[in-house]
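Asker: Just so we're aligned, residue 1 is where the sequence shown starts under the UniProt record's numbering, counting upward by one.
Treat the hints loosely; a few may be bogus.
[To be verified] In the DSBU-like style, the derived pairs of lysine-lysine whose C-alpha atoms are separated by at most 35 Å in a straight line are:
1. Lys91 with Lys48
2. Lys14 with Lys31
3. Lys91 with Lys155
4. Lys91 with Lys132
5. Lys165 with Lys132
6. Lys18 with Lys173
7. Lys48 with Lys14
8. Lys18 with Lys31
9. Lys155 with Lys165
10. Lys91 with Lys31
Calculated from the structure, these hints are not laboratory results.
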Amino acid sequence: MLVRCRGYLVSCVKSLLKRLPSNLELFENFKFLRPCYVRDASFSTFHKVISMVTAPCSTSILESEYVSLQAMHSSLALSNNVSEFWRAVAKATNSVGEALFPNLSAMVFALLCLPASNAAVERVFSLVTVTKTDHRNKLTVRNLEMILHVRCGLKEYFGCCNNFKPSERFLEKFNSAVMYEV
Numbered sequence: 001m002l003v004r005c006r007g008y009l010v011s012c013v014k015s016l017l018k019r020l021p022s023n024l025e026l027f028e029n030f031k032f033l034r035p036c037y038v039r040d041a042s043f044s045t046f047h048k049v050i051s052m053v054t055a056p057c058s059t060s061i062l063e064s065e066y067v068s069l070q071a072m073h074s075s076l077a078l079s080n081n082v083s084e085f086w087r088a089v090a091k092a093t094n095s096v097g098e099a100l101f102p103n104l105s106a107m108v109f110a111l112l113c114l115p116a117s118n119a120a121v122e123r124v125f126s127l128v129t130v131t132k133t134d135h136r137n138k139l140t141v142r143n144l145e146m147i148l149h150v151r152c153g154l155k156e157y158f159g160c161c162n163n164f165k166p167s168e169r170f171l172e173k174f175n176s177a178v179m180y181e182v
């Protein structure tokens with residue numbers, strides 16, 4: 001019984017390892033983006049990330065900006081929130097008004113935009129499949145896009161269509177000329 005259970009667990013782990021993304025190492029090295037690690041982070045982690053992504057400038061410029069940030073980290077009154085921290089770093093200027101870390105912040109913002117999964121994209125594909133059926137196969141891309149905006153926007157901003165109060169301007173624009181244009 002134990003041998004069969006062990007075999008089952010081993011096969012589960014092997015299956016799980018096959019499904020893990022190949023760029024998992026890149027995401028593991030993202031800890032250098034956390035404000036608490038900026039002061040203490042080693043260059044090895046920083047270099048691993050730089051070597052895996054296309055940087056907006058040379059490595060030496062990024063290194064010098066990172067060293068400057070590590071030196072100034074304590075003088076900058078920054079948040080522990082990752083996005084707030086890097087937003088403040090991007091806004092940091094010298095006495096002339098020039099950005100102190102333009103290349104580093106550009107690279108970091110590009111890294112922070114990387115999706116951890118494709119769940120959001122899959123959700124949109126699912127919505128398109130549900131919306132554009134055999135009976136509605138003549139929907140234009142523009143109309144399909146508008147329907148998706150309404151479906152996603154209502155959920156995000158109003159929670160439910162029962163809470164939505166259309167304005168007069170909205171109702172004026174909602175007419176058959178727009179809905180059925182070819």
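Asker: Against this structure, judge whether each hint is valid.
Answerer: Evaluated hints:
| no. | hint | result |
| --- | --- | --- |
| 1 | Lys91 with Lys48 | holds (26 Å) |
| 2 | Lys14 with Lys31 | holds (26 Å) |
| 3 | Lys91 with Lys155 | holds (33 Å) |
| 4 | Lys91 with Lys132 | violated (44 Å) |
| 5 | Lys165 with Lys132 | holds (27 Å) |
| 6 | Lys18 with Lys173 | violated (51 Å) |
| 7 | Lys48 with Lys14 | holds (26 Å) |
| 8 | Lys18 with Lys31 | holds (24 Å) |
| 9 | Lys155 with Lys165 | holds (14 Å) |
| 10 | Lys91 with Lys31 | holds (21 Å) |
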